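Make one complex out of these two single chains by using the hints.
Residues per chain, in single letters:
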Amino acid sequence: MAVAASTETPAFRFEMLWRDERYRSLTIQAIAMIVLMLGLTWLVNNAIENLAALGKTFDFGFLSQPANYDINQQLIDYTSRSSNARAALVGILNTLLVAFLGCVTATIIGIAAGVARLSNNWLVARLMTVYVEAFRNVPLLIWILLTASIVNTSLPSPRDYRGLDTGPVVVTNRGIYIPQPNFGEGSLILLIIFALSIAAIFMVRAWAKRRQESTGEQAPVFLIGLGLLIVPSLIAFFLLGRPISLTLPELAGFNFQGGIQLRDSLIALWVALSLYTGAFIAEIVRAGILSVSKGQSEAAFALGLRPNRAMNLVILPQALRVIIPPLISQFLNLTKNSSLAIAVGYMDATGTLGGITLNQTGREMECILLLMGFYLIVSLSISAVMNLYNNRVRLVER
Amino acid sequence: MSDTHAETVAYVAKTQYDPQPPPVASSGVLGWLTQNLFSSISNTIVTVLAIALIIYMLPGMIEWAVLHSVWNAESIRECREIITNAFGEGATGACWAVIHERFGQFMYGYYPPSLRWRPDLAAVLLIVAMVPVLFRTMRPLAVAMGVLLAAKALFAVYAELTGGNAELVGPTTIAAVIFGVLALVFGSEKTRPYWLWLTFAYPVAAYFLLWGGLGLETVESSRFGGFLLTAVIGVTGIAGSLPLGILLALGRRSNLPILKAICTIFIEFIRGVPLITLLFVASTLLNYFLPPGTNFNIVLRVLIMVTLFASAYMAEVIRGGLAALPKGQYEAADALGLDYWQSMRLIILPQALKISIPGIVNTFIGLFKDTTLVSIIALQDPLGLMKPILSNSTWNGIVWELYIFIAFMFFICCFAMSRYSMFLETRLRAADRR
Numbered sequence: 001m002a003v004a005a006s007t008e009t010p011a012f013r014f015e016m017l018w019r020d021e022r023y024r025s026l027t028i029q030a031i032a033m034i035v036l037m038l039g040l041t042w043l044v045n046n047a048i049e050n051l052a053a054l055g056k057t058f059d060f061g062f063l064s065q066p067a068n069y070d071i072n073q074q075l076i077d078y079t080s081r082s083s084n085a086r087a088a089l090v091g092i093l094n095t096l097l098v099a100f101l102g103c104v105t106a107t108i109i110g111i112a113a114g115v116a117r118l119s120n121n122w123l124v125a126r127l128m129t130v131y132v133e134a135f136r137n138v139p140l141l142i143w144i145l146l147t148a149s150i151v152n153t154s155l156p157s158p159r160d161y162r163g164l165d166t167g168p169v170v171v172t173n174r175g176i177y178i179p180q181p182n183f184g185e186g187s188l189i190l191l192i193i194f195a196l197s198i199a200a201i202f203m204v205r206a207w208a209k210r211r212q213e214s215t216g217e218q219a220p221v222f223l224i225g226l227g228l229l230i231v232p233s234l235i236a237f238f239l240l241g242r243p244i245s246l247t248l249p250e251l252a253g254f255n256f257q258g259g260i261q262l263r264d265s266l267i268a269l270w271v272a273l274s275l276y277t278g279a280f281i282a283e284i285v286r287a288g289i290l291s292v293s294k295g296q297s298e299a300a301f302a303l304g305l306r307p308n309r310a311m312n313l314v315i316l317p318q319a320l321r322v323i324i325p326p327l328i329s330q331f332l333n334l335t336k337n338s339s340l341a342i343a344v345g346y347m348d349a350t351g352t353l354g355g356i357t358l359n360q361t362g363r364e365m366e367c368i369l370l371l372m373g374f375y376l377i378v379s380l381s382i383s384a385v386m387n388l389y390n391n392r393v394r395l396v397e398r
Numbered sequence: 001m002s003d004t005h006a007e008t009v010a011y012v013a014k015t016q017y018d019p020q021p022p023p024v025a026s027s028g029v030l031g032w033l034t035q036n037l038f039s040s041i042s043n044t045i046v047t048v049l050a051i052a053l054i055i056y057m058l059p060g061m062i063e064w065a066v067l068h069s070v071w072n073a074e075s076i077r078e079c080r081e082i083i084t085n086a087f088g089e090g091a092t093g094a095c096w097a098v099i100h101e102r103f104g105q106f107m108y109g110y111y112p113p114s115l116r117w118r119p120d121l122a123a124v125l126l127i128v129a130m131v132p133v134l135f136r137t138m139r140p141l142a143v144a145m146g147v148l149l150a151a152k153a154l155f156a157v158y159a160e161l162t163g164g165n166a167e168l169v170g171p172t173t174i175a176a177v178i179f180g181v182l183a184l185v186f187g188s189e190k191t192r193p194y195w196l197w198l199t200f201a202y203p204v205a206a207y208f209l210l211w212g213g214l215g216l217e218t219v220e221s222s223r224f225g226g227f228l229l230t231a232v233i234g235v236t237g238i239a240g241s242l243p244l245g246i247l248l249a250l251g252r253r254s255n256l257p258i259l260k261a262i263c264t265i266f267i268e269f270i271r272g273v274p275l276i277t278l279l280f281v282a283s284t285l286l287n288y289f290l291p292p293g294t295n296f297n298i299v300l301r302v303l304i305m306v307t308l309f310a311s312a313y314m315a316e317v318i319r320g321g322l323a324a325l326p327k328g329q330y331e332a333a334d335a336l337g338l339d340y341w342q343s344m345r346l347i348i349l350p351q352a353l354k355i356s357i358p359g360i361v362n363t364f365i366g367l368f369k370d371t372t373l374v375s376i377i378a379l380q381d382p383l384g385l386m387k388p389i390l391s392n393s394t395w396n397g398i399v400w401e402l403y404i405f406i407a408f409m410f411f412i413c414c415f416a417m418s419r420y421s422m423f424l425e426t427r428l429r430a431a432d433r434r
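Line by line, the protein sequences are chains A and B. Following our numbering, the numbering of the first sequence begins with 1 at its first residue and continues without gaps. Following our numbering, the numbering of the second sequence begins with 1 at its first residue and continues without gaps.
Looking at chain B on its own, in the form it has when it is part of the complex (with noise of 0.2 Å):
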């Protein structure tokens, strides 16, 4: 029966076929193509005019700020000439020399230079305090140190080629020699406890070393500037609005209606008001509120005021993690026992901040941004130093420059937090499966 029926059949398959590969136009380079640029006519008119856009943008930014960019100069004309030169009249470039004149005075604003190695260090100590609470294990110490002694090196090489003189051998190099070999000895999980009475530690250290004192030679606040002052007031603020932020949560939050009332009042008022009025607060009302004859001085004002600024967002942040928690959770630290701050501490608050980080860091973040508004009272900070460049005759007409170098600057490090917060949301999401 089965011989009839193939003999009835036109056409049969004796043997198995190799797979074929897949039509050109659906695989590889042409297939990603035609899926993700060329789909449909619509599709198509639209990756032609953006990449029409790039082709109109790039290869002018690139010449501009690669190309014919001039890195040693004493003045703008100088630069101009140097371009001039090289590339014939009308080219125009970069004119990176004022970074690289500057760049003393845009990281550390007008610190006396034979003291710079105090705010290296304190940046050094940062990263020491930082590691315990960001990571679980020290081995990002170990590489981040590693990573600083090798640029270290690799300037030094430099220097030593272009005649210049580097130090090689510092209190920064010797600190990170120190701590990068004890995070690579002491830095399993184990040990992080001990590490973050480091962290604990670090305001105190970190004040002395930039504001002097304890046998160090002072130094006034009026000489902090550049990125040196908009870090002062950057980690000021974040390490002090998260506690303030946690405890005016819980205000918030709380059943006793008064607490709750001032909580709620001081948290919409500072929320309800641009950041840049609470600064002229600092810079003009302050000294009216405290007693007369106090006069303390201007950066201090300002880190109050920053402080208490980002705590009212972080509270709101805080607040919306804690809303977040299942009621059941609040009732089974209850049932447990546990009084009010036993609860929050070990059940309440560790699983509310979880669900916060994003907003957390987003905080931070704006917080970060934000401190250029100092600039607007007159601080030092790297828009503030702007001012006097743009206005000196060697380097009148540089514009572009000094904003994307500070812009650039400020990316680097809100992108650096942006991406710790996705890495973290994926830890502990991680750890939420297991």
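With the rest of the complex left out, here is chain A (with noise of 0.2 Å):
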């Protein structure tokens, strides 16, 4: 009888809406989505009033005008007259190309500082142990203005090496002058022979892999893939009459001329980035390693393996679950922290679109919803990367 008291739907009173759970959820997601509803028009109220008041608009029109200013460093073709969005593509690539320079020396910076702290080397330990506190202490900014200083005030000036035989790589506090590639004709069959031979090396990897599953012999992966890179490269470099050629960097006047130069904004911002995120992946991976039981290795020596297959077998898959995600976050933060450019004058995203052509054209709400979507095109596209990632090694648990 109380069963079939309670089945029978008790008649909606409105008071069941903050007192009866199945309703109260609703009522609370309708009140927050009217509250952020009449803040957002609140909002955009205010700006369009605002803007009228200013007599401005909001458009998109001024990325088509001519930029008016020079930018220093540049990956693709730029003068002062070309469009301000291609100013902004020049300083969105900027921060890429710092990002990515910044990404891959961090990590062997950080990979070398986090082994040598487990070092039983107590004196390497302890080193290793102050430039991690020395880095993660103290804000980044400091040690981007820091080494700019060092950049500007220690290196030589390209004065300096006056009568002097240059190499190809000339260090001076105007930048770093490497030898520019000129790529002559037949260059474009040598590159996809180069490519043809990487594809291969994937190959004999994935057969060696096969083979040795199958019938337990090995073969000698290494020197085949080292031979594989070269040899084929090399034959058709001369066959087709060395089509790639270097220009050096030479000294003509008062400055290095040839070459390709990396600025001294770019190598102090790159410099102090590789540093401070070292810092964090050292850490990072210090914590990976550990992660792994003592038992594990043990138990691969136990099986016969040599330390060097049981480092590549057991440990460091298991230490790279660890590793990874928090490294690939690393990762997104220093994409961020390369923001910072505008510190040193190296123009990136944020020099180019939210610095000059900002305060040039006066467009603050285009210019920094431009960069916003930016900066978040790329951190959502990293956190895909990770997601995917992290699907493919989670441990399958019930």
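There may be inaccurate statements among the hints.
Result set (DMTMM-like, lysine to aspartate or glutamate): computed pairs, CA atoms no more than 25 Å apart in a straight line [to be verified]: (1) B/LYS327 to A/GLU21; (2) B/LYS260 to B/GLU331; (3) B/LYS387 to B/ASP18; (4) B/LYS260 to A/GLU283; (5) B/LYS387 to B/GLU78; (6) B/LYS327 to B/GLU316; (7) B/LYS354 to A/GLU133; (8) B/LYS327 to B/ASP339; (9) B/LYS260 to A/GLU217; (10) A/LYS294 to B/GLU425; (11) B/LYS327 to B/GLU425; (12) B/LYS387 to B/GLU89; (13) B/LYS354 to A/GLU283; (14) B/LYS354 to B/ASP334; (15) B/LYS260 to B/ASP334; (16) B/LYS387 to B/GLU220; (17) B/LYS260 to B/GLU160; (18) B/LYS152 to B/ASP120.
For the record, the hints were derived by calculation from the structure and aren't laboratory data. Just so we're clear, the structure is a prediction, and the values are computed from it rather than from any experiment.
Pasting the structure below:
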């Protein structure tokens, strides 16, 4: 009887909106939605009114107008008469360049420092602790400014190289000059051959793995790979008549000509970002290695694996599961931190789109929206990669 | 039988031998050296390289920073003259005199010198407000106040000796004495709730002390600078981001889809853009979104943005803690008949926050370091104050001293925070074991 009574739906009463759990969640959400909508409308209304009062409009037409300023570090052709959109693209490419360079070197530094912190050499472990603590506990902006002033004051100026025989790489306080490759006739064929040999290396590795798993025989993968990497490209290089040549930097007047110049601002930013992020990566690597229990390496040795193989086959795969996700989020941090380029005058996306373009056109709203959009796209794509990886390596539980 | 056996054995020990010390190479200093520095050939090479690096770097650094340094001078030229006269031509040394001369500016920015006791007092009260949160008893407060008074006395003696004048009895001293004695007398674990009321009252007190009002002379935000500005932004961000972050994390984990979506979008948006773009929003854009005519000052706008920024990161850290709790805890709270907020407040959050302490403190450290970015939008934090000094003809040419000083101050604060987090972790782990 009681059961029958409870199955009967009680008539809806108004106070059930906040007393009954089924309706309460709806009420809360409806209220949240309404408040949010009202808030957004209020903000947009204010913006429209304010823009109208200042006689401004909201349009992106300024992107196609000439930018009227120079950018010193550029990966694609750009002059001061190019459009603002082109300037923004140069900035975006500069951001991606320093982010890429920084991620590579930060990973190398971080892995080296993280392993060295666990070294049984007391002195090395202490030195690495000093490095990690010094960089983790001091703001990045200070490191960037400090590196910039080291680059500008301590490195030799181009003048100092007068009369000296300069090598292929010249380090000056105006930047580092590296040889510039010139692609002549037939260089496309050479590049294709090089790409093919890299593909061949991967195929050989896959074949060797399959063979080992089915027959137990091992193949000298490393030697074959090294041979494939060098020999075909080298033969093609000479057969095609040396299609790729290098232009070395040479001192002309007060500065170096020829070669690729990596500006001092890029160098300062790159070094500071790599060392700073490297300290964080070192901690991640250390934690990852420590997270693999000692029994795992002991078990690997008990199975008769040599230290090298134990590391590659047993310890590293387990440590990487712990290391990779925070490592990727450090890459993300590095990319976002590269926006501090503005402090040393490196023209990245923040410096062009959010800096000079914004100040010259007075289009704050549009510029900052575009800037945020760019960083959001980068962040979200990196997070997407991370989620893919996480799903792939996740331990399957019940 | 045993006799015959004894005769066939060549040697039998008749007495107990004293234990011998271990070989020299495996004990004591030498043993430590062989184990930790010279255990193999490669290890020895690495050690020698490391020692070479230290010998190459350290003496020069000490000579520059300590032995050849100048603490009292009017300009960089005078500094260089003193160093050349004392250590010969070509000698270089640190000119710490610039820090000595600009110390007040680095601490308070352009805060009126006659009113600087107010930030001082706010700093003392900040310690009073922090101790009940950080520790179980108020004993550390008594220690801190004692140290503070001792330091003040030392400074007064030093000033007396060098002919300067230092104010010994001021509002700071009085506050330090009062709270030190209170902490000594009523500092047991039982009185902690009462001290926490002081913590809750602190933001109001600090606001009136720093900005004025209630009979105190008002000070414009534009005069805030130096480490005072860093502390204002850092402490506000830390205090504001924790509650906001908790709410966001709870929202992102809730069953209400719309609420969840709002929180997720907010968190992902803030985490996806660099802080500098949000500061640009604060400096150029925020006024567009407010009713026409409103114009509130830049420091306040930056405070809002920094707090929102940190709260998104905080939310993710706390969400990790919430996710790490076993499901049984949630079910147990439901089984006890607690409603949502009761179960969160009494069961879930205390455990989740405990798990996430390292992450929370890391976020605090990150936020504190990120306060330096405000110099890019032309606020006068320590880095912002450097620019006028660098372009000033009296000190033109000074670079390292200023960077080292600022870096050192940040290092102390951040290092202290990370050590406190380690201390807390061990304390809480000990509590688990009980």
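Here is how each hint holds up against the structure:
Restraint check for B/LYS327 and A/GLU21: the C-alpha separation of about 21 Å stays at or below 25 Å, so the hint holds. In summary, the hint linking B/LYS260 to B/GLU331 is supported, as the alpha carbons are separated by about 21 Å, within the 25 Å threshold. In summary, the hint linking B/LYS387 to B/ASP18 is not supported, as the alpha carbons are separated by about 72 Å, beyond the 25 Å threshold. As the CA atoms of B/LYS260 and A/GLU283 are separated by approximately 33 Å, the hinted pair breaks the 25 Å bound.
With a C-alpha separation of about 21 Å, the suggested pairing of B/LYS387 with B/GLU78 holds against the 25 Å cut-off. For the suggested pair B/LYS327 and B/GLU316, the alpha carbons sit about 19 Å apart, so the restraint of at most 25 Å is met. With a C-alpha separation of about 24 Å, the suggested pairing of B/LYS354 with A/GLU133 holds against the 25 Å cut-off. The suggested pairing of B/LYS327 with B/ASP339 holds, with an alpha-carbon distance near 16 Å, which does not exceed 25 Å.
Distance check on the hinted pair: B/LYS260 and A/GLU217 sit about 55 Å apart at the alpha-carbon level, beyond 25 Å; violated. Straight-line distance between C-alpha atoms of A/LYS294 and B/GLU425 comes to about 23 Å, which keeps the hinted pair within the 25 Å bound. About 23 Å separates the Cα atoms of B/LYS327 and B/GLU425, which keeps this hinted pair within 25 Å; it holds. With a CA separation close to 30 Å, the supplied pair B/LYS387 and B/GLU89 exceeds the 25 Å bound.
Between B/LYS354 and A/GLU283 the CA atoms are separated by roughly 21 Å; this keeps the pair inside 25 Å, and the hint holds. Restraint check: the Cα-Cα separation between B/LYS354 and B/ASP334 comes to about 21 Å, which is no more than 25 Å; the hinted pair holds. Simply put, B/LYS260 and B/ASP334 have alpha-carbon atoms about 21 Å apart, close enough for the 25 Å limit, and the pair holds. Restraint check for B/LYS387 and B/GLU220: the C-alpha separation of about 21 Å stays at or below 25 Å, so the hint holds.
Among the hinted pairs, B/LYS260 with B/GLU160 is inconsistent with the structure: their alpha-carbon atoms are about 63 Å apart, more than 25 Å. Note on B/LYS152 and B/ASP120: the hinted pairing holds, with a Cα-Cα distance of about 12 Å set against a maximum of 25 Å.
Violation of the numbered hints given earlier is confined to hints 3, 4, 9, 12, 17; the remaining hints are satisfied by the structure.
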